[in-house]
Amino acid sequence: MSATTQGQLPVSESPWQQARRRFMQTRMGPGGLVILASIFVFVIIGSLVLPYDFYVVPQPDEIRFIGRPPAWGRPFGETGMLQLDVMTLVANGGRTSLIIGFATAIGSITIGTLVGVIAGFLGGKIDSYLMRLADVFLMIPSLFVILFLARIFQGEGGGGVWSLVLVFVAFGWMGLARLVRGQVLAIREMEFVEAARALGVPPLRIALRHILPNAIGPLVVSAPFIVGGAIISEAFISYLGFGINPAVPTWGNIISESAKFLQQGNWWWIGFPGLFIVLTALSVNMIGDTLRSALDPRGRK
Amino acid sequence: MSVGASVPAVEVKDLNIAFKTAAGVINVVQNVSFTIGKGECLAVVGESGAGKSVSALATIGLLVKDQSIVTGSVLFRGEELLGRPESYMRKIRGGGISMIFQEPLSALNPVTTIGEQIAEVLVAHGRAGWGEANKKAIEFLELVEIAQAPQRVKQYPHQLSGGMRQRAMIAMALAGEPELIIADEPTTALDVTIQAQVLDLLRRTTRERGTALMLITHDLGVVAETADRIAVMYAGQIVEEGPAKEVLRAPASPYALDLIASIPSYARRGKGLTTIQGAVPSPANFPSGCRFHPRCRFAVKACAASVPDLAPRTGDRSVRCFRADEIKGRLA
Numbered sequence: 001m002s003a004t005t006q007g008q009l010p011v012s013e014s015p016w017q018q019a020r021r022r023f024m025q026t027r028m029g030p031g032g033l034v035i036l037a038s039i040f041v042f043v044i045i046g047s048l049v050l051p052y053d054f055y056v057v058p059q060p061d062e063i064r065f066i067g068r069p070p071a072w073g074r075p076f077g078e079t080g081m082l083q084l085d086v087m088t089l090v091a092n093g094g095r096t097s098l099i100i101g102f103a104t105a106i107g108s109i110t111i112g113t114l115v116g117v118i119a120g121f122l123g124g125k126i127d128s129y130l131m132r133l134a135d136v137f138l139m140i141p142s143l144f145v146i147l148f149l150a151r152i153f154q155g156e157g158g159g160g161v162w163s164l165v166l167v168f169v170a171f172g173w174m175g176l177a178r179l180v181r182g183q184v185l186a187i188r189e190m191e192f193v194e195a196a197r198a199l200g201v202p203p204l205r206i207a208l209r210h211i212l213p214n215a216i217g218p219l220v221v222s223a224p225f226i227v228g229g230a231i232i233s234e235a236f237i238s239y240l241g242f243g244i245n246p247a248v249p250t251w252g253n254i255i256s257e258s259a260k261f262l263q264q265g266n267w268w269w270i271g272f273p274g275l276f277i278v279l280t281a282l283s284v285n286m287i288g289d290t291l292r293s294a295l296d297p298r299g300r301k
Numbered sequence: 001m002s003v004g005a006s007v008p009a010v011e012v013k014d015l016n017i018a019f020k021t022a023a024g025v026i027n028v029v030q031n032v033s034f035t036i037g038k039g040e041c042l043a044v045v046g047e048s049g050a051g052k053s054v055s056a057l058a059t060i061g062l063l064v065k066d067q068s069i070v071t072g073s074v075l076f077r078g079e080e081l082l083g084r085p086e087s088y089m090r091k092i093r094g095g096g097i098s099m100i101f102q103e104p105l106s107a108l109n110p111v112t113t114i115g116e117q118i119a120e121v122l123v124a125h126g127r128a129g130w131g132e133a134n135k136k137a138i139e140f141l142e143l144v145e146i147a148q149a150p151q152r153v154k155q156y157p158h159q160l161s162g163g164m165r166q167r168a169m170i171a172m173a174l175a176g177e178p179e180l181i182i183a184d185e186p187t188t189a190l191d192v193t194i195q196a197q198v199l200d201l202l203r204r205t206t207r208e209r210g211t212a213l214m215l216i217t218h219d220l221g222v223v224a225e226t227a228d229r230i231a232v233m234y235a236g237q238i239v240e241e242g243p244a245k246e247v248l249r250a251p252a253s254p255y256a257l258d259l260i261a262s263i264p265s266y267a268r269r270g271k272g273l274t275t276i277q278g279a280v281p282s283p284a285n286f287p288s289g290c291r292f293h294p295r296c297r298f299a300v301k302a303c304a305a306s307v308p309d310l311a312p313r314t315g316d317r318s319v320r321c322f323r324a325d326e327i328k329g330r331l332a
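Line by line, the protein sequences are chains A and B. Residue numbers 1 to 301, in our numbering, belong to the letters of the first sequence in order. Residue numbers 1 to 332, in our numbering, belong to the letters of the second sequence in order.
Note that these hints are calculated values from the structure, not bench results. Bear in mind the structure is a predicted one, so any value in this text is a computation, not a measurement. This list has only true hints and no planted wrong ones.
Cut-off 16 Å, straight-line C-alpha distance, at most; resulting in silico cross-link-like pairs (EDC-like, lysine to aspartate or glutamate): (1) B:K154 - A:E13; (2) B:K65 - A:E194; (3) A:K125 - B:D66; (4) B:K245 - B:D219; (5) B:K38 - B:E11; (6) B:K154 - B:E116.
Please construct the entire structure, taking both the sequences and the accompanying hints into account.
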């Protein structure tokens with residue numbers, strides 16, 4: 001850049017870069033990112049190094065209710081019954097659980113944003129139809145639908161990952177749609193939107209470049225919580241025995257299996273998948289909370 | 001001021017604006033007419049609620065259609081703008097008539113760079129493609145005298161000072177090469193020293209380019225320095241219209257007289273400042289007859305009975321008052 005008599009201007013920093021800087025300046029935000037990244041690394045490398053296929057697991061010679069506790073060579077211990085390596089189960093189960101978490105977040109946010117922007121921007125009849133549709137979905141108890149669908153899928157050997165994601169998304173977009181719609185309604189009345197209209201900027205560009213970027217703050221904040229929420233919901237539903245087919249391990253159904261043998265003292269069998277669920281939920285909450293304060297305009301420095 | 005334009009940039013005739021409210025239809029602007037020539041500046045002056053901003057928004061077609069009734073005529077480039085579809089008006093806005101808002105911080109998108117917001121106007125009106133528009137944005141920032149323009153285009157509104165933001169708004173308004181710029185209280189949000197600079201810039205750039213300027217303000221000091229003509233509005237009507245210098249020197253309507261006499265000035269040093277009693281009536285219950293008569297110190301019986309016309313007078317002026325002849329010359 002050319003040097004001028006007034007000296008160098010400060011580096012241009014977009015509000016997004018500003019938020020990122022403020023996020024990275026905290027302890028909670030990067031801390032959460034490190035925990036989540038570690039979980040990812042463990043799950044990805046673990047599931048590659050220690051593949052797991054339910055259908056080729058050899059039958060053990062003798063049935064034991066108590067597995068073997070953690071030791072060298074098996075840091076997470078071994079399960080009772082089939083005598084499986086818990087680390088193998090947690091790594092492979094983690095892959096499924098994380099896929100469920102992120103797929104649910106991506107799906108719900110996409111549909112929620114789309115519905116919210118269309119409803120808020122077009123308004124009128126389309127708005128009321130879409131919002132009534134959201135109301136209908138909010139009125140249906142999602143747990144009932146999940147358990148009902150699980151019963152159907154169980155006839156075919158348990159539910160699949162994607163059918164569960166589908167149900168989570170189907171019952172996860174409404175809150176987001178309302179959130180985005182509210183934002184769009186507020187922002188489209190703002191003066192810079194009127195100024196853009198007064199200068200002849202086309203409506204599609206106003207929606208995409210003026211309204212949407214100013215509306216997605218709350219959405220970004222909610223994303224980590226959706227990931228965590230979906231992982232916990234899966235665990236909870238699988239624990240009840242209505243979730244993913246036990247042949248495909250998830251953190252939830254590992255815990256579900258282990259709980260049957262907890263009284264025999266298999267603490268490592270339930271402990272390690274449980275720890276991973278807790279750590280994932282903790283890290284996404286740390287990230288989400290920090291994002292919330294980093295994006296809060298009142299906290300801008 | 002030399003106003004040698006044969007065809008005016010904009011010609012507004014008998015503009016009437018009414019709002020549909022829960023309490024019924026309320027007339028907020030009545031029979032407003034004005035003409036602005038190329039390169040000329042018309043100041044529209046009046047208290048809050050006089051109908052200045054609403055008239056401007058109606059001119060550019062930005063009033064919400066199903067909440068307002070706009071009648072009369074707005075001729076731009078010799079063509080009627082009222083009743084045109086949104087697609088037609090979109091091309092007019094920014095490309096034919098631009099608008100500058102009062103508070104530049106809220107009128108600029110906080111998450112988009114200044115450069116992109118200028119370039120966007122250029123692209124929207126087919127003045128350039130994106131690549132060229134980004135380069136031209138720098139030229140427009142230089143035109144509005146922002147130093148270090150190549151770096152400034154990459155900055156966001158919160159990184160600019162108030163004066164620079166309003167300069168950037170002016171650059172955006174000029175980018176579409178409009179023939180009329182409506183500036184709605186463009187300097188109210190700025191501090192006094194910056195006000196003068198920004199006004200001077202706005203007046204110079206519009207005059208150089210032959211762009212007509214409609215300056216909405218309640219600051220008569222601004223008018224004296226900037227405007228060629230002045231239209232004083234009260235309660236939705238124009239009460240006096242004419243060359244700015246003449247009207248400010250010798251107002252002929254009681255409202256304009258008191259408005260001008262309420263401002264401290266060197267010419268009237270030693271004399272007390274006038275105050276206007278009461279408040280602007282609400283559009284829902286304008287008084288009968290002349291709308292100013294309850295507050296007017298010159299009111300006679302006739303004023304309450306019928307509305308005076310905006311009558312043309314000598315010197316290219318028009319005044320809405322029964323006693324204009326007596327009132328003219330009261331100032332000084």
